[in-house]
Amino acid sequence: MRLAFPLAFAFLILTNLSAIAQHRFLANQQNKLVIIDAEGKPQWQMMLSGSPHDLQLLDNGNILTHQNTEIIEIDPRSSEIVWSLDAKKFATVDRVEVHSVRAIPGDRIMIALSGEGKLLEVDRDGTLHHSITLQRTHPHPHRDTRLVRRLENGNYLVAQEGDGKVCEYDRDGKIVWQYDVPMFGRKARGGHGPEAFGNSVFSALRLPNGNTLIGTGNGHSILEVTPEKEIVWKLQQHDLPGITLAWVTTLEYHPNGNIVFGNCHAGPENPQLIEINRGQEVLWKVHDFKTLGNDVSNSIILDADANVIR
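The sequence shown lines up with residues -21 to -1, 1 to 289 when you count with mature numbering (1 follows the signal peptide of the UniProt record, and there is no 0).
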């Protein structure tokens, strides 16, 4: 079902406006995609048949995402799905899920097929060109992966949620680097909100300095770790004044060093999107519980520099 967005009001809280411009952004609220302008007003909305866990803005201005196992390209100007491919065609097991999808060089699409435990590279005709099998300790169709990113060298950086680790795989499926997300001496606690705790990692980015930036999911934190696995920078649950972190989801690393990240399941008292600098000052935040709600798992800053890493 696809709907044009009716005019509505959204409540957007911004701080330090003299330090940084307001942002136009795309985000999801469960199975709803929304574009909100720099003044905090919704510009566009589209309903999907399932809640996506990955979003990508393509060079042509379209949006690549997924609804359930169907990979889709959306033209936001017409709210039409202009291309689709059901990843279930590649499954050999009964239950599979998709939690990450990216357009990659060669006009191919990379798909993380959880349950199957594989990363696939396919063309738009649905021809499989390359695949690797993930090394999973706790295989599960809902938790094998969250976000996966293909690196410039062709390797894959995989957030393996159910195993609580980030793995870099080479093209042959060999793990060449692994980081086990620490529990810092705490016991796991169930749930999705600030009261929960674990190492259900959601995202990882390889930075220009060679370090890896990790969104730890229900670990309520962001970690920067070196290739030698030393934590050289971190943001924890209560480090930002007046803000409590819950499920830390998508990450964006901007050329000026700023980080934009998602704060999902944190409750109406807390913002869903936050931008900080390396001094952990809050430069921008979105606190919109009319349009977005408590389940914003993905976002893209649409006015970002072309060199942003996401």
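Do not rely on the hints blindly, as some may be mistaken.
To be verified - Cut-off 25 Å, straight-line C-alpha distance, at most; resulting in silico cross-link-like pairs (SDA-like, lysine to any residue): (1) 166 / 109; (2) 208 / 258; (3) 153 / 192; (4) 67 / 121; (5) 213 / 186; (6) 11 / 85; (7) 166 / 149; (8) 208 / 149; (9) 144 / 187; (10) 20 / 67; (11) 166 / 212; (12) 166 / 116; (13) 213 / 153; (14) 68 / 56; (15) 153 / 85; (16) 20 / 47; (17) 20 / 49.
Since the hints were derived computationally from the structure, they do not count as laboratory data.
Original post:
Hey, residue 20 versus residue 49, does the alpha-carbon distance stay inside 25 Å?
Top reply: violated, 29 Å
Original post:
When you check the alpha-carbon spacing of residue 68 and residue 56, does it fall within 25 Å?
Top reply: violated, 29 Å
Original post:
Does the structure keep residue 213 and residue 186 at a Cα separation of 25 Å or less?
Top reply: holds, 14 Å
**OP:** Take the C-alpha atoms of residue 208 and residue 258, compute the straight-line distance between them, and say whether it is at most 25 Å.
**Re:** Holds, at roughly 22 Å.
Subject >> 25 Å Cα cutoff - pair residue 166, residue 116 >> reply: holds, 19 Å
Subject >> Given pair status - residue 149, residue 208, alpha carbons within 25 Å >> reply: holds, 18 Å
Subject >> Given hint residue 67 paired with residue 20 - CA-CA distance at most 25 Å >> reply: At roughly 37 Å apart (the allowed maximum being 25 Å), residue 67 and residue 20 break the hint.
Original post:
Straight-line Cα separation of residue 153 and residue 85 no greater than 25 Å?
Top reply: With Cα atoms ~23 Å apart, residue 153 and residue 85 stay inside 25 Å; holds.
Subject >> Agreement of residue 166 and residue 149 with the hint, judged by alpha carbon distance not exceeding 25 Å >> reply: Distance of about 33 Å is beyond 25 Å: violated.
Original post:
Given the hint that residue 20 pairs with residue 47, does the C-alpha gap stay at or below 25 Å?
Top reply: Status violated; Cα separation ~28 Å.
Original post:
Given the hint that residue 166 pairs with residue 109, does the C-alpha gap stay at or below 25 Å?
Top reply: violated, 39 Å
**OP:** Would you check the hint for residue 11 and residue 85, treating anything up to 25 Å between C-alpha atoms as holding?
**Re:** Violated: residue 11 and residue 85 sit about 30 Å apart, past 25 Å.
Going through the hint list in order, the structure does not satisfy hints 1, 6, 7, 10, 13, 14, 16, 17.
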